[in-house]
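A.B. asks: Read off the chains here:
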Amino acid sequence: MPLRKTQPGKIARLIARKLAAIAALVLLGGLLSATLVRLAPGFDADERELDPGLNAESVRALRQSRAGEHNILSFYAGYLRGAIHGDLGTSHALGQPVQSLLRERWPVTVRVVGIGLLLAWLLASTLAFTACLWRRPAYEILGTTVSGAFLCIPAAVLALLSVILNAPGYLAIALIVFPKIYRYSRNLLAKAYTLPHITAARARGLGELRILAWHVLPVAGPQMIALAGITVSIALGASIPVEALCGLPGIGQLAWQAALSRDLPLLVNLTVLVTLVTLLANSGADVMIYMLRPREA
Amino acid sequence: MNTTGRRALLRFLVCFVLVSLALTGAAFSQSGGELRFCLRSEPKTFDPLLVDDDSSLAIRYLTGGVLVRANRKTQDLEPELAESWKVSKDGKEITFKLRRGITFSDSSPFSSEDVAFTMQRLMDPALHSSTGDAFRSGSGAVSTKIIAPDLIAIIFPAPLAGLDRLFDQVAIMSAHSPKKEAAVLGPFLVAEYKAGSSVLLRRNPNYWKKDSQGRRLPYLDSIRLDIQSNREVEMLRFKRGELDLINVLDSDYFDRLAASSPGLAHDAGASLDSDFMWFNQVASAPIPEYKRAWFRSANFRRAISQAINREDLSRVVFNGHAQPAVGPVSPANKFWFNSRLKAEPYRPEAALKRLQADGFRMQNRALFDKVGNAVEFSIVTNAGSKPRERMAVMVQEDLGKIGIKVNVVTLDFPSLIERISQKFNYEAAMLGFRNVDLDPNGQMNIWLSSAENHAWNPQQKSPETAWEAEIDRLMRAQASTADPKKRKESFDRVQEIAAEQTPFIYLVNQNALSAVSSAVEGANPGILSPQTFWNAERLTVNASTRASR
Amino acid sequence: MQHERMSAARKLACVVVVAVCAVSLAANWLAPSGYAKQFREAASAPPSHQHLLGTDEVGRDRFARVLYGTRISLLLAPAAALVSTVLAALVGGLAGYLGGIWLRLARGFTDLFLSLPWLFLLITVRALLPLNVSPLASVLITFLILGLLGWAASARVLSTSADALRNSDFILQARASGLHGPRLFLVHVLPNLKPVLCAQFWISIPVFILSEANLGILGLGVAEPLPSWGSLLRELEGLISFREEPWRLVPLLLLIVVMTSFQMLLSNEEVTA
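Chains as they are written, first to last, in the numbering used here: chain B, 1 to 297; chain X, 1 to 549; chain C, 1 to 273.
This is chain B alone, in the form it adopts within the complex (with noise of 0.2 Å):
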C-alpha cells in the first residue's frame, strides 16, 4: 500500500497540541522532581556537619543553608520567575550558576549520546536484519546471545572496558543500548513476517530484501519509530555511569554529582531537560509516524 502524506493543515494542528502538551509537562515534571527530592530524607544533611572541627553554630548554619528549599511550592515558583529571565539558579554542589554548566556541558553529552545511539541503532539493525535476510537459526541464536551478553554486562563494567581499551565512551553507550534495541525490532520484525501477504510475496517470487524493504518495514515501521523515540530516553540513562566513569564532563556526570549530594536546583533544571529531550523525541516520532501513515479509505 502505498504511503501518502496527509494534509498539511493537520499536521500544524498536531504539531501545536503536541508543544503545548511538552509545556505543560515540562512544568509538571519539574515540580514533581522538585517534590522527589525534596521528600527523600536526607535533603538537609551535609556531609560536613560529621566534621568534628566545626562547632555547634557552624553546623546550625550548615542546616539552615537549605532552609529556603524546604517549602517546595515557593521554591519551584522562584525558580520558574528567574527561569524566564534567564537565570537557572545557582549548584549548591558546585557553587557554579547551572547555566553556564549546562551550556558547557551539554555539547559532550549530546556527541556522546548521539553518535552512541546512531551506533547502536547501526549495530542492532544489522544484526536484526541478518537474521531476517538470511533465514537461518543459526544468525537467530548469535543475535540473541551477542545481545544478551551485552545486556547482562553491568553498564559500569562496559564503561570501565571502554576506559582500559581507551575506546571513545559513546561505544559503551552504544554496547548498553543495542541489545534493547535488537530485541524489540528483532521481534516486530519477525511478527511482520507472520503476516499472510508476505508470503504471497514469496510466492510471487520476489527477493527477500524487496520483501524486507517493501513489505515488512513499512508494516513494523511505525513501531520502530516509536522505538527509536524511547531510545533516546534509554541512551541518557545510559550516559550517567558512562560520563562518570570515562571522565566526560556531560550532563550524565552533572546528574550523578547532583543526586549524590541532593543539589535541588541542579536537579531540578536537569529533569526539566531530560523530560524536553524526551518528550520531544517521542512527540517526533507520533507526528512522523502520523505523517507516514496511509490515508484511510
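Rather than coming from a laboratory, the hints here were simulated on the basis of the structure.
Among the hints, erroneous ones may be present.
[Unchecked claim] Straight line, CA to CA, 25 Å or less: simulated DSS-like cross-link-like pairs of lysine-lysine:
(1) X/K86 to X/K209
(2) X/K401 to C/K194
(3) X/K97 to X/K210
(4) X/K386 to C/K37
(5) C/K37 to X/K405
Knowing the structure of chain B, use the given hints to seat chains X and C on it.
C.D. replies: Just chains X and C now, kept in the frame of chain B:
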C-alpha cells in the same frame, strides 16, 4: 674577509650556537615538568578560610602560604612566612615576626596587614569553617595588633592549646589585592578550573622560597588535578602512566601494584585514620526501649568489642595493611597515644560470659536478653566504601557466632547523616575518621557531651553518665593548659575511660598506602595528609622517564 | 531441516533452564558449606576441590553463592518482569486500543514517568522500611518496585502498536461480528502486542537483576549475607584482576546462557515461515 678569517668566524659561530644550545638545554632540564594526580571529589570552595573537604584541602595546601608549617614527616613546626614566633605564657597571645620582601602571586606586597586581615576574616562570626572554629575557644573577640609591617600579635579571649600549630591551616589572604583569593603566597596558583573535570595549578612566579642552591621553588611547572572518584579508573590511569601519584591507595590495589611494579607502591605504616562502630544511646531515639537498655550498658558494648576479631579484619579486608585499633588515637601518634593500652583481643567466650552477667543467655545458638527478646540489631554504614562494607559483613559473622543477628544496611551518605545526627533512627553505625589531627584538641567536639559530634548521644544538656562528665572535665583540662605533660596526663585518662566504657568500638587503623610513579623525583610518602605531595615544591617529574614507561 | 534445528535448539534451551533451576534448588546438597560461611584463611582464593569457583574477598564460597543467588534472582527477576509487562500492556496497550483522549493522557503520563528521578522515591522507600526488615521482605519489595517502575519505555511502543491495530481491518471485522470491550482487547488486540511484550519481558530480566545490585547502594536489594546474581556480577567491576581471575566470569557466562535459553523458549515465531 679572507678565507681563514671566514673559517674562524664560522668556527666561532658554531661554538656559540652549540654553547647557547647547551645552556638552554640546561635551563630546560631545570624545568620540573607537570605533576598529575586525581582528586576524589569536586573541590567545594577555593576560599582558603572556608575549606573543609579533602579536595579543597589539597588545593589549599598547594596554593596557600602559611605562617608556620608542620613538617608532615618529622611533625616539627617549621617557620614559613613567619621567621619566628612566640606564644605568651598564658597561651592567649602569639606574636609572629614575618619575613620581609615577600609578594603575593600578583606582585602585591605581603605584610602584617594581610595577616591581620586574614585573622579578622577568619574570626567573623558569619564565617563557618573548621579552620576558624578551631580558634574559637571562648566567647569574645579576637584582636590583632600590628606592631610593625613585619611584626604582628594576635590576642585570643581564652587560652588555646597547641596555638602555634593551628596556624598550619591558615592560608594568608591579601588585604588589598584586587584579585582577592586568587592572589596567593603558596608555591602554586589556580590557573584553570573546569567544574566536574579538572583543576590546573601553575607555578607561582613570585613564590619566595629558594632551595639550598639558591634556585627558585617550586621545581614543577604545573600540577594537573583530575576529578575522578572511581578508584578502578584511577588505578588504570596510573598504570598507564597518565597519573604520577595516588595519594591514598586501597589495599587491594596496593598488593597488585606491589606484585607488578614493586618500587611504586609505598606502605608508610599505620596512619592516624581509624574505623570504628558505635551504638545509639540517645534517650529520645525512636528505637525499642529494650534495645536502648542493651546499648546503654557498658558491659554489652565491651562484650561486643571482645567478640569482634580485629586481626581477621586487618588480615582479610586490608591484606595485612592495617592494625587492630586501640582507641581514639592511633599508635602512630607517638606522643599522644597511651602506650599502656592494647587492642582488645578476640575472646568470644569472655564476651559471652560478660553478657551472661547482664542476664543474656544462649538458646538454640541464638542469644536472648533477660526479658526474652532475641538479640538482633542493624549496623548502618555508607555505601561506596568496599573495605567498610566487608568489615561490616565480617563483624556480622563474628557476632553471629555468639548468637547475635546483625543486619548490615548500606545507605547513601545524606540518608546516613540524617539518621545518625538528626533523626537518630538507627541502632548501630560504622564509620571512619580520616585526616585526623595529631593534637587531641581536634577531637574536642567528639568527646564533649554537649557537642554535636558526640556520636552516640550528642548535644546533652548535662552529662547523662558519670564517665561522660569525667571525660568533659578532662578534655576541658587538657585544653586550658599549655604544659604538654599535663595535657598528656589528662588525655591518657580519657583514652583509658574510652577503653573501659567503649562508647566507640574501635576496629582498625589502616596503613598509609600510596603509589608514586618512577617519573617523580623527590617523593617521600608519609602518614600525614597530604601523604605523597606534602613536599610538592621540591618534586620534579622527569618527562623522559614518563615517556619511556 | 531448519525447522528441526530450531526445535532442537529449543529443546536444549529447555534442558538448560530446567538444569539450572534444579541445581539451584539442590544448593543445600551441592554446596553444604552455605553462602555465608567465611573461610577467612582462604579469602580471594582460586578454584579448588573445596571451592569450585574460588572464594570472594571475605572468604565465602563463590559456587555456593552462585547457586543460592540463582534461587533469588531467577525466581524474582522474571516475576518482576511479568509485573512490568502486565503494567505496560494495561497502560500502553489499553490506551492505544481506546484511542483519543485516553491515548494522549497515557502518552503524556508515560513520558513524564520516563523522565522523573525515581532514585529519590527509592531512597524514601528505604527510609519507610524498618532497619531490621527481613532479607526476604527487602528483596521482595525491591523487585516489586523495580517491576512497578520498569513499564514506561515499552508502554510507549505498545501504545503505537495498539493504536495501529485499532483501525486495522481485522479489528473492524471482529467488531462487526459483535465482539466488544474487554473480550475484543484480550482475544484480538493483546496477542498482536506479543512481540513487544515478549521483548520487554526478556530484556527486563537481566536489567532487573543488575538494577537490584545497584539498589544496594541505597540500602534496598538483597541484604548481606544473602547473595544475588546482581551482587556477583558487580564483582566484575574489579576488572584489573580479570585476567588473573577468569573464574569470576562464570556468573556472567551462566546468566548469558540462561538468558539465551529463555529467549529460545519465548520465541515461538517460526523464523522460517
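A.B. asks: State for each hint whether it applies.
C.D. replies: Consistency of the hints with the structure:
{"no.": "1", "hint": "X/K86 to X/K209", "result": "holds (22 Å)"}
{"no.": "2", "hint": "X/K401 to C/K194", "result": "violated (52 Å)"}
{"no.": "3", "hint": "X/K97 to X/K210", "result": "holds (19 Å)"}
{"no.": "4", "hint": "X/K386 to C/K37", "result": "holds (19 Å)"}
{"no.": "5", "hint": "C/K37 to X/K405", "result": "holds (14 Å)"}
Hint violations for this structure: number 2 only, all remaining hints satisfied.
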